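Peer 1: Start counting the sequence shown at 1; every next residue gets the next number (UniProt numbering).
No lab work stands behind these hints, which were simulated from the structure alone. All values derive from a computational prediction rather than experimental measurement. Glycine residues also receive a C-beta, built at the ideal position from the N, C-alpha and C atoms. Check each hint, because a few of them may be wrong.
Stated by the list, open to error - Calculated lysine to any residue pairs in the SDA-like style (CA-CA distance at most 25 angstroms, straight line):
(1) 163 <-> 89
(2) 50 <-> 76
(3) 25 <-> 45
(4) 121 <-> 50
(5) 25 <-> 93
(6) 25 <-> 76
(7) 163 <-> 87
(8) 163 <-> 125
(9) 25 <-> 103
(10) 152 <-> 163
(11) 152 <-> 139
(12) 156 <-> 76
Stated by the list, open to error - Now the in silico label distances, taken between C-beta atoms and shown as ranges:
(13) 90 <-> 30: 21 to 27 angstroms
(14) 51 <-> 7: 14 to 20 angstroms
(15) 160 <-> 138: 40 to 46 angstroms
(16) 37 <-> 138: 31 to 37 angstroms
(17) 30 <-> 76: 39 to 45 angstroms
(18) 130 <-> 41: 46 to 52 angstroms
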Amino acid sequence: MIKRTNTQDLIVDSFRELLTINSFKSISVQDICDNCSISRMTFYRHYHDKYELMNWIYISEMEDIIQNRTFSNWDLVLDTMLDIILRNSEYFSKVVSIDGQNSFEDFLFRYGYEYALDSIKMNNDGQTSFILDMAVQCYCYGTTSMIINWIKDGYKISQDDMKEALKSCIPIALTGYIS
């Protein structure tokens, strides 16, 4: 059973602990609450449901990357993201099996797309184009798919090799924005 003082951390730790022994689908809000000795009402003050909790964990883990929207050091962005995934490999290995809305795959694409487009706009007087938008979408779909497969395959490729593979797939239209 989880013992912490900050309620939000308590809920997150409870959920993470339950994921080590159960599948995401089998964990209920009541299970999370029972594991950390809080009421359902307390849970719902912080999260709408377990999917929102899962998304909050993604966001909090990726917060440093999300806040520093720049393509100026793409190596660092990729290293940081892959490092976060590896440090939390057990967690991501469990949640990667969830499909559809609120899935890690959905999150990774959505935030990757927003991150990339915002970075381009910041470095291009707030402007983008249809070609740049399409290039960002292609790159984000491909990157997301590669990362999901990397997780599902058990991280068989090293972090450095994965980073190099992701960098090698950058569309030509984006090369002037990514260094």
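Peer 1: Each hint: holds or not?
Peer 2: Against the structure, the hints:
Distance check on the hinted pair: residue 163 and residue 89 sit about 16 angstroms apart at the alpha-carbon level, within 25 angstroms; holds. Proposed proximity of residue 50 and residue 76 is contradicted: the alpha carbons are some 31 angstroms apart, above 25 angstroms. For the suggested pair residue 25 and residue 45, the alpha carbons sit about 22 angstroms apart, so the restraint of at most 25 angstroms is met. About 34 angstroms separates the Cα atoms of residue 121 and residue 50, which puts this hinted pair outside 25 angstroms; it is violated.
Distance check on the hinted pair: residue 25 and residue 93 sit about 14 angstroms apart at the alpha-carbon level, within 25 angstroms; holds. Distance restraint check for residue 25 and residue 76: the Cα-Cα separation of roughly 34 angstroms exceeds the 25 angstroms cut-off, and the hinted pair is therefore not satisfied. Taking the CA atoms of residue 163 and residue 87, the gap is about 16 angstroms. The hint holds against a cut of 25 angstroms. Between residue 163 and residue 125 the CA atoms are separated by roughly 29 angstroms; this puts the pair beyond 25 angstroms, and the hint is violated.
Straight-line distance between C-alpha atoms of residue 25 and residue 103 comes to about 12 angstroms, which keeps the hinted pair within the 25 angstroms bound. Taken as a hint, the residue 152 and residue 163 pair is honoured in the structure, with Cα atoms around 17 angstroms apart against an allowance of 25 angstroms. For a cut-off of 25 angstroms, the pair hint linking residue 152 to residue 139 stands: about 20 angstroms separates their Cα positions. Distance check on the hinted pair: residue 156 and residue 76 sit about 21 angstroms apart at the alpha-carbon level, within 25 angstroms; holds.
Remark: the range hint 21 to 27 angstroms for residue 90 to residue 30 is upheld by a beta-carbon distance near 23 angstroms. For residue 51 paired with residue 7, a C-beta distance near 19 angstroms keeps the hint of 14 to 20 angstroms intact. Checked against the hint of 40 to 46 angstroms, the pair residue 160 and residue 138 fails, with Cβ atoms roughly 24 angstroms apart. At roughly 48 angstroms, the beta carbons of residue 37 and residue 138 sit outside the given window of 31 to 37 angstroms.
The hint said 39 to 45 angstroms for the Cβ distance between residue 30 and residue 76, and at roughly 41 angstroms that hint holds. For residue 130 and residue 41, the hinted distance range of 46 to 52 angstroms is satisfied, since their beta carbons lie about 48 angstroms from each other.
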